[in-house]
Amino acid sequence: MAKLRYLLDLPVLAELTRPAGNRRVFTLFQQQQSACAIGAPASYALLRGVAGMRDGERREQLQAFTAELLLTGPPVLPFDHDAAIWLARADVDQARTRRNWTVLDAQLAAIAASRELVLVTRGAASFAGLADLRVEDWFRP
1 MAKLRYLLDL PVLAELTRPA GNRRVFTLFQ QQQSACAIGA PASYALLRGV AGMRDGERRE
61 QLQAFTAELL LTGPPVLPFD HDAAIWLARA DVDQARTRRN WTVLDAQLAA IAASRELVLV
121 TRGAASFAGL ADLRVEDWFR P
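Okay, so the sequence shown: first residue is 1 according to the UniProt record's numbering, each after it adds one.
The set of hints was computed from the structure by calculation and includes no laboratory data. A few of these clues could be false.
As the list claims (entries may be wrong) - Restricting the straight-line Cα-Cα distance to at most 25 angstroms, the calculated cross-link-like pairs of lysine to any residue (SDA-like) are: (1) Lys-3 to Gln-31; (2) Lys-3 to Pro-75; (3) Lys-3 to Ala-20; (4) Lys-3 to Glu-136; (5) Lys-3 to Val-135; (6) Lys-3 to Arg-115; (7) Lys-3 to Ala-67; (8) Lys-3 to Thr-66; (9) Lys-3 to Ala-35; (10) Lys-3 to Ala-84; (11) Lys-3 to Pro-19; (12) Lys-3 to Leu-62; (13) Lys-3 to Val-76; (14) Lys-3 to Ala-40; (15) Lys-3 to Arg-96; (16) Lys-3 to Gly-73; (17) Lys-3 to Glu-116; (18) Lys-3 to Thr-72; (19) Lys-3 to Ile-85; (20) Lys-3 to Leu-28.
Produce the entire structure from the sequences given, and follow the hints as far as they go.
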């Protein structure tokens with residue numbers, strides 16, 4: 001197994017579910033899949049989103065995709081003690097600079113930073129200036 005390098009956030013995972021999604025995201029995921037991981041909070045958000053959908057063909061497609069991704073895809077990493085320590089510090093910095101972030105974004109950033117992974121996100125600017133966090137936007141060249 002390749003060394004983990006990337007943590008995928010929810011918008012990246014959501015893009016992978018779109019039949020006509022961003023080709024660059026698909027290509028980079030295919031090339032880097034063995035070096036990718038998913039944070040448990042993103043896994044929850046993906047599962048919760050599907051569970052909240054109305055019955056229908058799209059829900060069935062997303063259920064199948066999500067089950068496949070979480071069973072055979074990248075490993076799912078927990079929000080652990082090291083992530084909590086990093087987040088406690090970063091959250092104070094975010095508050096001082098009056099920058100808001102969601103709990104999901106905060107937890108994913110903490111998992112990535114505490115494990116020295118690159119957070120792959122569509123909203124890289126939201127994480128600017130955070131110590132020890134590297135980000136990449138696979139949506140843009």
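Hints, one by one, checked against the model:
no. : hint             : in the structure
1   : Lys-3 to Gln-31  : holds (14 angstroms)
2   : Lys-3 to Pro-75  : holds (12 angstroms)
3   : Lys-3 to Ala-20  : violated (30 angstroms)
4   : Lys-3 to Glu-136 : holds (17 angstroms)
5   : Lys-3 to Val-135 : holds (17 angstroms)
6   : Lys-3 to Arg-115 : holds (12 angstroms)
7   : Lys-3 to Ala-67  : holds (23 angstroms)
8   : Lys-3 to Thr-66  : holds (23 angstroms)
9   : Lys-3 to Ala-35  : holds (6 angstroms)
10  : Lys-3 to Ala-84  : holds (23 angstroms)
11  : Lys-3 to Pro-19  : violated (29 angstroms)
12  : Lys-3 to Leu-62  : violated (28 angstroms)
13  : Lys-3 to Val-76  : holds (14 angstroms)
14  : Lys-3 to Ala-40  : holds (19 angstroms)
15  : Lys-3 to Arg-96  : violated (35 angstroms)
16  : Lys-3 to Gly-73  : holds (15 angstroms)
17  : Lys-3 to Glu-116 : holds (11 angstroms)
18  : Lys-3 to Thr-72  : holds (17 angstroms)
19  : Lys-3 to Ile-85  : holds (24 angstroms)
20  : Lys-3 to Leu-28  : holds (16 angstroms)
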